[in-house]
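As a plain string of letters, each chain reads:
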Amino acid sequence: MNQLMDWLTQPWPWYVAGPLIGLTVPALLILGNKSFGISSSLRHACAICVPAKIPFFQYNWRKETWNLVFVLGVLIGGFIATNFISNPNDLIIAADTRAELQLLGINEFSGLMPAEIFSWDNLFTVKGLLFFVIGGFLVGFGTRYAGGCTSGHAIMGISSLQWPSLVATIFFMLGGFLMTQVFLGPLMNWVGF
Amino acid sequence: MQVLEKNTKDAVCDAPNSQDSGERGLALLKYLILGILFGIVFVKAEIISWFRIQEMFRLDSFHMYGVIGSAIVTGIISIQLIKRFQIKSTSGEKIIIPKKEFRKGQVIGGFIFGLGWAITGACPGPLFAQIGSGFTVVLVTLLSAIAGTWVYGKFSDMLPN
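Taken in order, these protein sequences are the chains called W and P.
Here full-length UniProt numbering is used: position 155 in the first sequence is 155, and no number is missing along the way.
Here full-length UniProt numbering is used: position 147 in the second sequence is 147, and no number is missing along the way.
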């Protein structure tokens, strides 16, 4: 039992986590004939709360309730993992990344997320504008425009050998590389890091 | 071929519910449990971590590539097995995987999402797990992502597609 707890509290390696995530694809198909995808939950939220007679949000969202239940589960899963089987040690990140982030002004590396960025204190600051408002907007707008996110395209789409999903995934990565390697440094300087 | 491939035009969205029979109440519990397991993996593999996403885009670690790559390989094998053995869903229906058609949005929208992914350190799934992990300010990011989705829906007719 102690050994099991030891193992559960350690960070899980990619070759454990990746296949478990991949198994979500057949699990959803077999459990209820459902295609894996998470960004559609954001669309359902719009369809339920502010459809505003926009054709894009006029559909039977009640049939897609399962998707909202699934993401509620993801939130609860995050709570359980963090509160009951969390890693007692600091996150180990690559030395190069750590050094580059330190140059950008990040000094706190103890949690899963940098406390210097993801805190309520930053809400009404330029930091908050960049990391929460602009970042979140790009995620929501981009995934919907692309017709899916990493789960819908990179995992479900490529798993079912659909080339448009491969194209989408390549552009997800290109956008990420460009932001990280070119824009993020100047942007972080600008918001006060 | 037991697995049908439907055209997306008659599907409602990118991750459609292809099940014909309705599900309510307790029948939805299985998706909650699956989501919980999924969220636990997200945290335990640290892929909800902003630091890990930075590592990935700085090419300093194999971790995220290993996670995504092995998830895809597992998915491909699973779908091939479902097709080969004509496995049906638990309600006895043929398993349907809607076909995705190429649109310009996968290039432009995909690129825009990538920019946001590197800033927030999260794709939509991890956003929910981050909130559950106690980074409650990510609720603001989530609301902004919902706003972004709404703005896309509002102006989708005017965008190249």
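Take these hints with a grain of salt, some might be off.
Said to hold, decoys possible - Here are the simulated SDA-like cross-link-like pairs (lysine to any residue), alpha carbons at most 20 Å apart as the crow flies:
id: 1; chain 1: P; residue 1: K104; chain 2: P; residue 2: S21
id: 2; chain 1: W; residue 1: K63; chain 2: P; residue 2: K104
id: 3; chain 1: P; residue 1: K88; chain 2: P; residue 2: K104
id: 4; chain 1: W; residue 1: K127; chain 2: W; residue 2: L161
id: 5; chain 1: P; residue 1: K88; chain 2: P; residue 2: M158
id: 6; chain 1: P; residue 1: K83; chain 2: W; residue 2: I30
id: 7; chain 1: P; residue 1: K154; chain 2: W; residue 2: I134
id: 8; chain 1: P; residue 1: K83; chain 2: W; residue 2: K127
id: 9; chain 1: P; residue 1: K99; chain 2: W; residue 2: K127
id: 10; chain 1: P; residue 1: K94; chain 2: P; residue 2: K154
id: 11; chain 1: P; residue 1: K154; chain 2: W; residue 2: I30
id: 12; chain 1: P; residue 1: K94; chain 2: W; residue 2: C49
id: 13; chain 1: W; residue 1: K63; chain 2: P; residue 2: K83
id: 14; chain 1: P; residue 1: K154; chain 2: W; residue 2: P51
id: 15; chain 1: W; residue 1: K63; chain 2: P; residue 2: E23
id: 16; chain 1: P; residue 1: K104; chain 2: W; residue 2: K127
id: 17; chain 1: P; residue 1: K88; chain 2: W; residue 2: I106
id: 18; chain 1: W; residue 1: K63; chain 2: P; residue 2: M158
id: 19; chain 1: W; residue 1: K63; chain 2: W; residue 2: I85
id: 20; chain 1: P; residue 1: K99; chain 2: W; residue 2: C49
id: 21; chain 1: P; residue 1: K104; chain 2: W; residue 2: I170
Source of the hints: derived by calculation from the structure; they are not laboratory data.
For which of the previously enumerated hints does the structure constitute a violation, in increasing order of number?
-> 1, 2, 3, 4, 5, 8, 9, 10, 11, 12, 13, 16, 17, 18, 19 and 20
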